[in-house]
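Let the sequences and hints guide you as you build the complete structure.
Residue numbers (my numbering), protein chains in the order written: chain A, 1 to 286; chain B, 1 to 466.
Keep in mind the hints are simulated off the structure, nothing from the lab. Treat the hints with care, as some may be off.
[What the hints assert, rightly or not] DMTMM-like, lysine to aspartate or glutamate: derived pairs with alpha carbons at most 20 Å apart:
1. A:139 <-> B:216
2. B:166 <-> B:457
3. B:407 <-> B:446
4. A:48 <-> B:446
5. A:55 <-> B:435
6. B:184 <-> B:299
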Amino acid sequence: MTSRRWRQLTPYLLLLPSVIFLLIFFAYPMVEAFALAFRAEEGGWTLKHFQTMVKDVAFAPAFRTTLLLILIIIPVQFVLALVMALLVQAKLKFSGLFLYIYAIPLGISELAAGIVWFALFTDRGYINTALTGLGILDKPFIFLSYQNTGWLLFAVVLAEAWRATSIIMVILVAGLQSIPSEFLEAADVFGATLWDKVWRVILPLLRPSLQVALILRTILALQVFAVALAVAGRGITLLAAEAYRWYGSYRNPNVAAAFAALIMLLSIASTALYLWGLRTPEEQVR
Amino acid sequence: MKHNQKWIAALTFVVIASLMLGACQPQVVTQEVIKEVPVTQIVEVTKQVETIVEVTAVPVNFGELVWLSTQLRPVQEAEKVRGVILADFPGTVEFIPEDEGPFHDRIAAEVQAGKGTVDVLGALHGNFSTMAPAGQLQDLSALRESLADRGIPDAFWNVAQLNTDKTYYVPWMQATYIVAANKKALEYLPAGADMNALTYEQYAQWAKNVFDATGEAKFGFPAGEQGLLHRFFQGFLVPAYSGGVVTTFAGDDAAAGWQWLVGMWPYVHPQSTTYNFMQEPLLSEEVWVAWDHTARLKDAFETKPDDFVALPVPAGPKGRAFMPVIAGLAIPVTSNNQAGAEALIAYMTLPETQVTTLREVGFFPVVDVDYPGFVSPGVKLEGEAVTKQAGSPDALPALLPQGLGGKGGDFNKVFRDTFTRIVLNGEVIQTVLAEQKVVLQAIMNETGAPCWAPDPDSGGKACQVK
Numbered sequence: 001m002t003s004r005r006w007r008q009l010t011p012y013l014l015l016l017p018s019v020i021f022l023l024i025f026f027a028y029p030m031v032e033a034f035a036l037a038f039r040a041e042e043g044g045w046t047l048k049h050f051q052t053m054v055k056d057v058a059f060a061p062a063f064r065t066t067l068l069l070i071l072i073i074i075p076v077q078f079v080l081a082l083v084m085a086l087l088v089q090a091k092l093k094f095s096g097l098f099l100y101i102y103a104i105p106l107g108i109s110e111l112a113a114g115i116v117w118f119a120l121f122t123d124r125g126y127i128n129t130a131l132t133g134l135g136i137l138d139k140p141f142i143f144l145s146y147q148n149t150g151w152l153l154f155a156v157v158l159a160e161a162w163r164a165t166s167i168i169m170v171i172l173v174a175g176l177q178s179i180p181s182e183f184l185e186a187a188d189v190f191g192a193t194l195w196d197k198v199w200r201v202i203l204p205l206l207r208p209s210l211q212v213a214l215i216l217r218t219i220l221a222l223q224v225f226a227v228a229l230a231v232a233g234r235g236i237t238l239l240a241a242e243a244y245r246w247y248g249s250y251r252n253p254n255v256a257a258a259f260a261a262l263i264m265l266l267s268i269a270s271t272a273l274y275l276w277g278l279r280t281p282e283e284q285v286r
Numbered sequence: 001m002k003h004n005q006k007w008i009a010a011l012t013f014v015v016i017a018s019l020m021l022g023a024c025q026p027q028v029v030t031q032e033v034i035k036e037v038p039v040t041q042i043v044e045v046t047k048q049v050e051t052i053v054e055v056t057a058v059p060v061n062f063g064e065l066v067w068l069s070t071q072l073r074p075v076q077e078a079e080k081v082r083g084v085i086l087a088d089f090p091g092t093v094e095f096i097p098e099d100e101g102p103f104h105d106r107i108a109a110e111v112q113a114g115k116g117t118v119d120v121l122g123a124l125h126g127n128f129s130t131m132a133p134a135g136q137l138q139d140l141s142a143l144r145e146s147l148a149d150r151g152i153p154d155a156f157w158n159v160a161q162l163n164t165d166k167t168y169y170v171p172w173m174q175a176t177y178i179v180a181a182n183k184k185a186l187e188y189l190p191a192g193a194d195m196n197a198l199t200y201e202q203y204a205q206w207a208k209n210v211f212d213a214t215g216e217a218k219f220g221f222p223a224g225e226q227g228l229l230h231r232f233f234q235g236f237l238v239p240a241y242s243g244g245v246v247t248t249f250a251g252d253d254a255a256a257g258w259q260w261l262v263g264m265w266p267y268v269h270p271q272s273t274t275y276n277f278m279q280e281p282l283l284s285e286e287v288w289v290a291w292d293h294t295a296r297l298k299d300a301f302e303t304k305p306d307d308f309v310a311l312p313v314p315a316g317p318k319g320r321a322f323m324p325v326i327a328g329l330a331i332p333v334t335s336n337n338q339a340g341a342e343a344l345i346a347y348m349t350l351p352e353t354q355v356t357t358l359r360e361v362g363f364f365p366v367v368d369v370d371y372p373g374f375v376s377p378g379v380k381l382e383g384e385a386v387t388k389q390a391g392s393p394d395a396l397p398a399l400l401p402q403g404l405g406g407k408g409g410d411f412n413k414v415f416r417d418t419f420t421r422i423v424l425n426g427e428v429i430q431t432v433l434a435e436q437k438v439v440l441q442a443i444m445n446e447t448g449a450p451c452w453a454p455d456p457d458s459g460g461k462a463c464q465v466k
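Next comes the structure, spelled out in structure tokens:
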């Protein structure tokens, strides 16, 4: 083989190990899991497991709560993350320090974060102890009651926002740094307010980063599980939690796989929606 | 500068001198303290140990024995059996812990070959219930007679008969579920109620009294993700009201039990759906009274033995149903050392051995025992309640589900879903039971699991919901 041939092949050879790794440990199990959802116990294919899933008592509430969680959490997180990213970019004193503080929750596992928030909200937890200590409450207020799904959802949203907003922030900071400063200087020259700059310059140029962040965040939100489990227990239920229960507690891998397949379909659908909805117009591609 | 150095030297001297003085003084103090404290306590403990040694000295040797067990498998526990629990047995016992699969295979193979190496079997009730019909176990009725003075509850002996007139194993150890109550709750007990013999009606009234007095729902159930609430339905509530688990699942009696829970639920802590181990909310006093597995209440009793009492579970119209995890000892038909095997079983059921077993591996005695000083107060509290519960006149053991194989999880889900729909979602009891009954029957048919106590024997056929 000529050295030129080799040079052409090198990138593919270098990619080969990771491709093999992904095929064995990611693609193959995924296909298997997907097939498991359709495989009948006595052999052949069936939709029985999906029927079991849809008919299950917990299916409707799990589906509803998962969608609700996504609808609440994504706007909240994006506004917060944008503010945080702009603060970091504003080159204020200690803005580097902000970045480190914001990144702390990223280092904490999902379950640990859930347990921390449970300790805050529980009947004899920090919030109730503080409020009764200050004389604001006579007796502890029960936030995490199954009768009170509003509060349960609020606690989960809060915990999840605390834990995962910085991931979006990191992506947005990277996006902001790629915006040429001339654009903003030009806006200043024309007398644009901060609001104008955010709305007309920053956000449109941030579109590719926003797209990535949205896709990532939605997929992760569909998988939210440990936080909800730790904070709300069985008070509210989510699709991922039901998949876990069917696999772990009810020991029925087929129905668990059906839930997983549903989550995968929702992930793919939302990704397609974002790719189509936030596609960058032709003239902006350089 | 020189002036300064002088000062420093002087200061150093003062510091060293004071350190030396200081070092002398506390020594005197600590010596005094050591003299005063724990000597009397140590004497008490040694006294208790002496009594045990006295009883177990038997001047016979039973030779060599092989004991195969599905219980006490973890290495530390097996070592305790070999080194401590068997220490006083007059004979050489080879204790072999074994997983359930190989355990059954080995005995089946030995019985088929008509020649065995194993002399004694240690396993759960569920293991024995499949071995006796296969003709692998000896009838131990004679041994049962000779162990009559042990005080093993009749309820356990009945279960050990496996629906026959023979006795196939000797109850050995148990674990179960009890009620833990903060002493603050005791003043609200309904008038005339005996806290060691409560009924479900009284239990609910108690919860209501506490609620009325404090304004808080202070009763708790482990209804969280890892909680064992389904066992409450399978082994306590449903059998106590209906006298069965599967056969009576959808009847009016069972419905009355669920109705009780609906009435009770307003006085149950609303955060119960997050509770996995009740010891935590009990210790934080979120909850005053809770039902759970002894292992999941242990921390509460161990940490604050003076704050809590351990109580038997309430009784329903059909009895004080409770779910014992019963381990037993049996002798395979191919045993080579009959006298040794019987002596080992007799030894393992001695009150002293039972206490040693509790202390070393945490399983509760099946016999009535006096708890000596070296058993921690928490374990003692739990142990006394466990014994009272099993020995109560209306005791109704409801066993762990058996023969369900991989469908155990689906079986639990039937009860969990029934609870969610009736109690949390407020659906009509009869409708829910009628619908869940179909799911339950499908599981029983699919696995072919025969009924287990307290459901009547189904003669080896799949248990049927009436």
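Now the hints, each set against the structure:
1. A:139 <-> B:216: The hint holds at about 9 Å.
2. B:166 <-> B:457: Within the cut-off at roughly 15 Å; holds.
3. B:407 <-> B:446: Roughly 9 Å separates the two Cα atoms, so the pair holds.
4. A:48 <-> B:446: Judged against 20 Å, a Cα distance of about 15 Å means the pair holds.
5. A:55 <-> B:435: holds, 12 Å
6. B:184 <-> B:299: Within the cut-off at roughly 18 Å; holds.
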